[in-house]
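Required output: the full structure, derived from the provided sequences and hints.
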Amino acid sequence: NAGVTQTPKFRILKIGQSMTLQCTQDMNHNYMYWYRQDPGMGLKLIYYSVGAGITDKGEVPNGYNVSRSTTEDFPLRLELAAPSQTSVYFCASNLQGAPETQYFGPGTRLLVL
Amino acid sequence: QQQVKQSPQSLIVQKGGISIINCAYENTAFDYFPWYQQFPGKGPALLIAIRPDVSEKKEGRFTISFNKSAKQFSLHIMDSQPGDSATYFCAPAPILQGAQKLVFGQGTRLTINP
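Residue numbers (our numbering), protein chains in the order written: chain X, 157 to 269; chain V, -1 to 112.
Note that these hints are calculated values from the structure, not bench results. Cβ coordinates follow ideal geometry from the N, Cα and C atoms, glycine included. One or more hints might be untrue.
In silico lysine to aspartate or glutamate, EDC-like type, Cα no more than 16 Å apart, as pairs [stated by the list, open to error]:
| id | chain 1 | residue 1 | chain 2 | residue 2 |
| --- | --- | --- | --- | --- |
| 1 | V | LYS99 | X | GLU235 |
| 2 | X | LYS170 | X | GLU235 |
| 3 | V | LYS40 | X | ASP194 |
| 4 | V | LYS99 | X | ASP212 |
| 5 | V | LYS69 | V | ASP51 |
| 6 | V | LYS99 | X | GLU215 |
| 7 | V | LYS66 | V | ASP29 |
| 8 | V | LYS69 | V | ASP82 |
| 9 | V | LYS66 | V | ASP51 |
| 10 | V | LYS99 | V | ASP29 |
| 11 | X | LYS200 | X | GLU215 |
| 12 | V | LYS40 | V | ASP82 |
For each label pair, taking beta carbons as the anchor points, the in silico distance ranges come out as [said to hold, decoys possible]:
| id | chain 1 | residue 1 | chain 2 | residue 2 | range |
| --- | --- | --- | --- | --- | --- |
| 13 | V | ASN20 | X | ASP212 | 28 to 36 Å |
| 14 | X | SER225 | V | GLN1 | 28 to 36 Å |
| 15 | X | ALA238 | V | PRO80 | 36 to 44 Å |
Listed next, the stretches of chain X that the computed footprint assigns to chain V, with coverage defined by at least 3 CB atoms under 8 Å from CB atoms of chain V [to be verified]:
| id | segment |
| --- | --- |
| 16 | 178 to 185 |
| 17 | 257 to 267 |
Spelled out as structure tokens, the structure:
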């Protein structure tokens, strides 16, 4: 199993541009999450999904959108990028059952200039 | 509102010593109390976790102590090794229909001197 994979690893965006951060897991996990980590800080939950077609907001959802059309994929969409969205983005997943280990991907580093 | 407060922010311990990191929380709905370990350039990885029905859990050199009434839990690393040098996060969560909405502390940068 590859686990949780994220692409790209690093991206520079200009203010106002849009992009999609990709996340795929091959562990057949029901639950998937997007977090952001600002320098020297803990992670904050952006959005999460409890299964295909079901998503909900986390602590910091503004400026982001998600979709979950399959069990494996959970893309995060940034519309109209702003410097405040400069961060490292982590995708995570866990199996159904309470509690199961939440596995994190390697992260996508995003710089908005 | 800062729901989770972690201390200290940084910690230096000699090899073979005991490392202790503390976490205080406010939300009484939390019922899952994990510690995550993160190395530079990597995603966090679960180290050890506890549920509120027990006061202590030990896995190898790592121990969680949990005090429900004080709303605090701590991570103890015995016989600390240079390979333990990393950033540690407490990340308590409510378990809602299986979803773990982790609330991360600010992190503790641990350095183990050889």
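Those earlier numbered hints the structure runs against, lowest number first: Failing hints, ascending: 1, 8, 16.
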